[in-house]
Structure formats: C-alpha cells, structure tokens
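Given chain A's structure and the hints, the job is docking chain B onto it.
Protein chains: 2
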Amino acid sequence: MSDSGLAQGLPEPPYYAVIFSSRRTPGENGYGAMAERMLALARAQPGFLGVESVRDAEGLGITVSYWRDEGSIAGWKRHAEHLVAQERGRREWYAAFELRVARVERARGKRAP
Amino acid sequence: MSDSGLAQGLPEPPYYAVIFSSRRTPGENGYGAMAERMLALARAQPGFLGVESVRDAEGLGITVSYWRDEGSIAGWKRHAEHLVAQERGRREWYAAFELRVARVERARGKRAP
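Chains as they are written, first to last, in the numbering used here: chain A, 1 to 113; chain B, 1 to 113.
Heads up, a few of these hints could be off.
[Claimed, not checked] Restricting the straight-line Cα-Cα distance to at most 20 Å, the calculated cross-link-like pairs of lysine to aspartate or glutamate (EDC-like) are:
no., chain 1, residue 1, chain 2, residue 2
1, B, K77, B, E87
2, A, K110, A, E28
3, B, K110, A, E92
4, A, K77, B, E28
5, A, K110, B, E58
6, B, K110, A, E105
7, A, K110, B, E105
8, A, K77, A, E87
9, B, K77, A, E105
10, A, K77, A, E92
11, A, K77, B, E92
Calculated from the structure, these hints are not laboratory results.
Isolated chain A (complex conformation) (with noise of 0.2 Å):
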C-alpha cells in the first residue's frame, strides 16, 4: 500500500481481489489491535499484493485486498491466527457483512504527482 492508501503499482492483471464489506457491532473489543495485526500477518503472505481499507464514523466499512491467485487467498484463509479472528468477527465484530472473491480482469488509475 502506497502513502495514498490507494494499492497503485500492482502487476497487471489477472489477479484477484476479496472484497469484504462489513457493519462494526457497537464498541471497540480488541477490534482495533485485531484489524492491524490481521493487516500486518496479511502484508506477509505469499502472493500478497495490496491492500486498501476504509471505515467511516458510522461503522460501515470495506476492505478489498489483492492477491496472486486463488491458492494465496486459500493459503491467507487457513492461517491459524486468520481462523480465530474470522470466527470472532463472525460472533463478536460484525453486525453483518459480506464477503466476495472475485478475479481482476482490467485496472487504470491515476497517481498523485
């Protein structure tokens, strides 16, 4: 991830990204320290390639990260430290939310100067 916050300078598609939009329960419960370390073991995994990550006031959020193919986003599912934050989000964190993984056919963009 650049300073934008924006993923620029991925390799040219095909790649895939997982789309995971989300509605934050009420209050923090450990949320904060979880989401940076998830981001942090996430950045280590073969075939990572980018991430890009909002959450507004209200809680609504999404997060899309990109991958190499679909055995780096299989890989990044089963990690054992992964497994017990998904199943805590899925109990605890997450009011709702939705997640897609879908292959990167074309990308454009512009870059800040």
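Using the frame of chain A, we list chain B on its own:
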C-alpha cells in the same frame, strides 16, 4: 443497497464488480451533490445489482458497484452525465484513484438479524 449499507441479497455469482478506490482533493467543490447524483443514476441503469460506498474523514474512499455483466458496466461508463463526472473527477475531485473491473466468482456473508 440495504439499510446496512452492504450490498446483500445479490444473485448468485458470477457477476461483476467495479472497485473504485480514491483519494479526494481538499475542498468540497460540488463533489457531494455529484456523488449522490451518480449513485442515483447508477441504480437506474440496466444490469445494476448493488453498491457499497465508504469514505473516511481523511478523504480515502472505496466504492464497489456490482453489475450483471460487462455490457452493463460498459453502458454505465458511457452514460452522458457520467462521462462529464468522470472527466471532472480526473481533473478536480480526485488526487489519485484506481479503478478495477473484476468478475465475482463466489460470495458469502452474515446478515444482520
């Protein structure tokens, strides 16, 4: 879009996602009214399935719109009013952006009770 702000109840994949991540320039400059108008127009397009949109206080935003097929995306891209907004976006509203078109291959979620 449901009240949760998440795009829920979409048809089964495959369908398409347009992932638009952006960093705003400082100042309002008519951005809010345009963004609202574009969302309303997109919702009325053939093949539109849903949208999720978040922007944080620092100006980082992610909007993911979902579409039945590539043709629906092409139709929306060349909508006359949208073309004007795209041009003004590149020139004035966005310091940087990335736009990716992706084919959603699978989806799962948790619905609020």
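So, going through the hints one by one against the coordinates:
A hinted pair counts as satisfied when its Cα atoms are at most 20 Å apart, and K77 (chain B) with E87 (chain B) qualifies at roughly 11 Å. At roughly 35 Å between alpha-carbon atoms, K110 (chain A) and E28 (chain A) are farther apart than 20 Å, so this suggested pair is violated. Distance restraint check for K110 (chain B) and E92 (chain A): the Cα-Cα separation of roughly 12 Å lies within the 20 Å cut-off, and the hinted pair is therefore satisfied. Under the criterion of a C-alpha separation no larger than 20 Å, the hint pairing K77 (chain A) with E28 (chain B) is inconsistent with the structure, at around 40 Å.
For the suggested pair K110 (chain A) and E58 (chain B), the alpha carbons sit about 18 Å apart, so the restraint of at most 20 Å is met. Annotation: proposed proximity of K110 (chain B) to E105 (chain A) is violated, straight-line Cα distance about 27 Å (limit 20 Å). Restraint check for K110 (chain A) and E105 (chain B): the C-alpha separation of about 27 Å exceeds 20 Å, so the hint is violated. A distance of roughly 11 Å separates the Cα atoms of K77 (chain A) and E87 (chain A); the hinted pair therefore holds under the 20 Å criterion.
Under the criterion of a C-alpha separation no larger than 20 Å, the hint pairing K77 (chain B) with E105 (chain A) is consistent with the structure, at around 16 Å. Distance check on the hinted pair: K77 (chain A) and E92 (chain A) sit about 19 Å apart at the alpha-carbon level, within 20 Å; holds. Only pairs whose Cα atoms come within 20 Å are accepted, and K77 (chain A) paired with E92 (chain B) is rejected, the gap being roughly 39 Å.
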